[in-house]
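A.B. asks: Residue numbers (our numbering), protein chains in the order written: chain E, 1 to 563; chain B, 1001 to 1332.
Rather than coming from a laboratory, the hints here were simulated on the basis of the structure. Treat the hints with care, as some may be off.
[What the hints assert, rightly or not] Here are a few chain B residues that face chain E, going by a calculated C-beta distance under 10 Å:
| no. | residue |
| --- | --- |
| 1 | P1039 |
| 2 | I1204 |
| 3 | V1210 |
| 4 | V1241 |
| 5 | I1243 |
| 6 | R1298 |
| 7 | V1306 |
[To be verified] Covered, in the sense of this in silico footprint (three residues per stretch, anywhere, with C-beta under 8 Å from a C-beta of chain B), are these stretches of chain E:
| no. | stretch |
| --- | --- |
| 8 | 184 to 197 |
| 9 | 240 to 253 |
| 10 | 306 to 318 |
| 11 | 504 to 517 |
For every residue, glycine included, the Cβ atom is placed at its ideal position computed from N, Cα and C.
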Amino acid sequence: MIVVFKRLRSFVDVFFSGDAPLPHRGLAQLRCLGAFVGLAAYLLVTHGPAAWLGLRTIGTAITGWGTQTGLALQIESVLLNSRTMGLLGHSLGLAALVTSGSMLLGLGGAVWIVTRPNWLSRLARKFYLTPFIIPGYIYALTWLSLLSRSSVLAPGLERLFGRLPSPYGLSGAALILALAYAPLAMLVMLDALEASEPELIEQALLLGPAGRVWRRVVLPLSWPGAMAAAGLIFALALVEYGVPALLEFNVYPMEIYAEFSQSGDPRRALLLALPVMISAAILVGGSQWLLRRTPLASRPQGAALLQRLPLPRLESGLTWLAVLILAVGSLLPVLVLIIQTGSPAVALAAVNQARQDLLTTLLLASSAALGATLLAMAPAQRLAASDHMPPWFWAVLLAPLAIPAPLVGIGLVDLANHLPGRSAGVGLVLLWAAHVGRFAPLALIALVAQFRRREPLLHELARLYPVGWLRRFWQIDLPLMLGGLSTAMVVVFVLSLGEIGATLLVIPPGLGTVALRLYNLLHYGAPASTAGLALGLLGIILVTGGLWAGYHQRGAWKIGQSD
Amino acid sequence: MSKHNILYLASMCFLLLSLAACKAQAAPTVVVYTSVDQPYAEPIFEAFEQQTGIRVLAIYDAEAAKTTGLVSRLSTERANPQADVFWSSEIAQTLWLQDQGLLAVYQSPMAEGIPAAFRDSQGYWSGLGYRTRVIIVNTTRVAPEDYPQTLADLLDPKWGAGEVGLANPLFGTTATHAAALYASWGPQPALAFFQQLEAQGVRIVDGNSVVRDMVANGDLKLGLTDTDDAEAAIQAGKPVVMIFPDQQGEGTLAIPNTVALVAGGPNPTQAQALIDYLLSPEVEAQLVLDGFLYGSLRTPAAEGPVMMSVDWSAVAQQMEAAKRDLQALFLR
C-alpha cells in the first residue's frame, strides 16, 4: 500500500509540475487547478459514456441482474464460450495481419520519400494521407466493384491469374485494411526517420557502408516510432467491423452488434466489448508511451542527411514496390469513383441534393474539431512536458480509442435518458459529445507530438517578455501552439466527416450527415449518386487539407507575422 | 486571415448548428424513426409537410447499424421517448417493440381497409403495403432450366460453394424470414435447412442489397433478397431475374411495412396525423409506383404471387430462438 501510495504521489507531482520545478506558489496553484479541470473534462467526455454503462452494470451486479441471472452467469453466457473466443481469435489475427501489412507499406513509403529529394517525393508527401481520409466502407466497396466479374478489369485479371482473385475473407479484409491504414504508419515513420540523430548517422558512416547504416542505425533508431504506429493500427483494426463485414469475415465487434440486437441490453454489449477494449487500450497506451521521448518528441534533424544516404539495390527495389502498391491502392478507388459517377453533373446533383446534410456535417465536424482539440490541450501539455508519465496513464487517456463506436452512442443516449427532463438542445450536445469523445484521443496524440516539437528556447525567451500573462499567452504561447492545434483540428475534422457508428444512435431528429446519407444510398443501390457524393466529400476534405497545408507553408502563425 | 480566425470559425460553426436546431423546433413537429430507404421516404414526408404544415423530423436507419440502429435507439430511449412514430420496412422489430411495451395504441381510421392479418387487433401497429422474399438469379451464369423454384432448390448440390448468397440472417428481413420458417416449418426443419445451406458453403453477406449487387455482378449465381432490391437491379438493366419461390406450395413470404405510435412520444397529435397520412391508400400506391413496395395490402393483385400464410405472433415468438441458432451457425 505504501509503495502504491508513493507511486501515486510521485505521479501526481509529475503530472502537475512536469519535469520542471514548480514556479512560485500562486502560479503553481493556478496551473494545478487548470490542469486538474482540463484532465477531468477530458476524462468525463471521452470515458463518460462507457463509464456510465460500466456503473450501470456494476449497479445491476449488486442488485441482481434484473429478474434473470447474476453477473457471473451473464459473464459466462456472454464471454466464456468457444464461439466468442474463436471470434476474438479472428479479430486478433486480422489486426496482426493488418498491422504487419500497413507497417511494411508505411515503412517502405516513408523510406522512399526521405531518400528521394525530387518533385515526385514532394508530391507524394502532400497526398499520401488521401486514402486514410476515404471512409473505409467506400474504400472496400470500390475494391469489390473492381474485382467483380462484371468490372472492366475482370478479363485482364482472369488472363493474368487464371481466375479473378477473391477479395473476400481474411486475406481480402487484411489487404484492404492494410492499404487503408498504411498512410497512418507512413505518417509516424516519416517523423521517426527524419528525427534520427545526424551525429549518430555520420559516425556510423565512418565505420561502414550506407546499407549497413540503414540496417544497424537508422531503422533501429526509428523502432519506437514503428512500435507506436503498430500499436495504434492494431487497436484500430481490432475494433473495426464495417470492412470485415463487407468482406464476409466474421470478427469480434460484429458479435457485439449481434448481442445488442438480440438482447437490447447495453450492459451485456459492454461486457462483451470488454476483452477488445482492454487489450486495445493496453496496446495503444503502451505503444504511445514508447513514443514519449523519441521520434515525434524531437524536431526533424536527420532529414537532409537521409537524402544523401543511398539505399542498397534490394531495399531500394522494395521501397519502390511499396510505393507502387500504395499509389495503386490510393488512386484506383478514386478512379473507380470518378468512373461510377459518370459526369460532373451527377456529382453536382448528388452534392446539391445533400446540401443540408453537407452543411450539418461541416458544422458538426468543425465544432467537434474545436471541442476535441481544446479538450485534449491540458492533458497533452502535461504529457509533452514530462517523459516520466507512467504507461498506465497513457493507456487511460488513449483507452477511448478502443471503445466501439456504438457503445459510445448507447452510453450517451442511456445517460441522457436518466437525466431529469430533456430539451431539444440535448440532442445536439449528445451528437457533439459523441464526436468529441471518440476523436479527442487522436487530437491528444497529434498535440503531444506537435508540442514536443516546440523549441524550448522560444518558451524560455517568452518568460522574459515583460508583459502580463494573458498578453504573453495571446502573443507568444498561442501562436507557438497554433501549429499543433490546427493539426489536431484537421485530424478530428476529417475523421468526424466519416463517423457513422455513434452518430446513428445520437443524431437529433431532422438532422442528417453525409456519411449517413452515403450509407443509405449504398443500400438503395444508386452507385452513381453514391460515388458522386463520395467524390464531393473527398473534394471537401482535400480542399480543407490543402488550405491547412498552404497555411502552414505560408508560416502565418510564426511569431512576428501574426497580428 | 489572422491567426485567430480558425478558432472564431469553429466557434461560429457550433453556434450556427445550435441556431439551426432551434429553428427546426419552432414549427409544429413530429418525430419519425424509419427504416424505409431515405430516397423513398423523404418525398412522402415532404408531401405531408406541404399538406399539413407539420414539420417532419426524420431519422433514417442505415444498413451499417442494422437493427442496433433505430430499434436499439427506441429501446434505450424508453425512459424518455424522443420519437412519435415508428415506420418500419418490416414487421418483426415492430412486434418486438410491442412486446417490450414501447408502442402505444392508435386505431387509425385509415387502417379500415387493411386486412385483419396485417394489423394489430388492439391497434398497436398497422401494415402498409408489402414486399416479398424472392430468389434473384444471374441470367448469364444460370440457364433458365436450372432456375430454382423453391427454397429447397437452394440446397441442390449443383450450386457449388460460394455460389448462393444470403444476407446476414441475424438482421432485417432475412431474420424475419428465418423466424417465419421456424414458425411455419417448425424449429428443427428450419434449422436443418440453414445447416444444409451452411454446409454447402452459402455466402453470408452484409445485406440484401449486397446479395443483389453480387448476383447482378455475377459474383454469385443466385441469392435470397427482397422484391425492391431485385426490382432495382432489373430496372438498372442488370442480367438478373426474380423468382417467387414455392408458388406450387406454401407460397413466398410477404413482409408488410408497419406503422406504429411510440408510447410516450412528445407529439401524439401530430403523430396520429402522420400515421393517418402514411396509411392512406395514396401513399401506399405511391410507394408501389416507386418500386419500394411490391403490392398493396388493400387490393392484392389478382395475378400476384402465392403468399405464405403467416401467424405474426408465432413469428415473433420464434425470433429469439432463430437468431440464437443462426448466430451460432453463421457467426463464428
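A.B. asks: Okay, the stretch 184 to 197 of chain E and chain B, do three or more residues pass the C-beta test at under 8 Å?
C.D. replies: violated (count 0)
A.B. asks: The hint names V1306/B as touching chain E; please verify it with the least Cβ-Cβ distance against 10 Å.
C.D. replies: With a minimum Cβ separation of about 27 Å from chain E (threshold 10 Å), the hint on V1306/B is violated.
A.B. asks: Does R1298/B meet its interface restraint, that is, does its C-beta lie within less than 10 Å of any C-beta in chain E?
C.D. replies: 26 Å, violated
A.B. asks: Counting residues of the stretch 504 to 517 of chain E with a beta carbon closer than 8 Å to any beta carbon of chain B, are there 3 or more?
C.D. replies: Coverage by chain B holds here, the residue count being 10 at a Cβ distance below 8 Å.
A.B. asks: Does the closest beta carbon of chain E sit nearer than 10 Å to the beta carbon of V1210/B?
C.D. replies: Because about 7 Å separates V1210/B from the closest Cβ in chain E, which is inside the 10 Å limit, the hint holds.
A.B. asks: Verify the interface restraint on I1204/B: the C-beta must sit less than 10 Å from at least one C-beta of chain E.
C.D. replies: Holds. Min distance 6 Å.
A.B. asks: Against chain E, with CB atoms and a cut of 10 Å, does the hint on V1241/B hold up?
C.D. replies: 16 Å, violated
A.B. asks: Do the numbers back the hint for P1039/B, that is, is its least Cβ distance to chain E under 10 Å?
C.D. replies: Cβ of P1039/B sits 5 Å from chain E, so the hint holds.
A.B. asks: Residue count check for the stretch 240 to 253 of chain E against chain B: does it reach three with CB-CB under 8 Å?
C.D. replies: holds (count 5)
A.B. asks: Take the stretch 306 to 318 of chain E, compare each residue's beta carbon with every beta carbon of chain B, and decide whether three or more fall closer than 8 Å.
C.D. replies: violated (count 0)
A.B. asks: Report holds or violated for the interface hint on I1243/B, using the least CB-CB distance to chain E and a cut-off of 10 Å.
C.D. replies: 19 Å, violated
Violated hints for the displayed structure, listed by number in ascending order: 4, 5, 6, 7, 8, 10.
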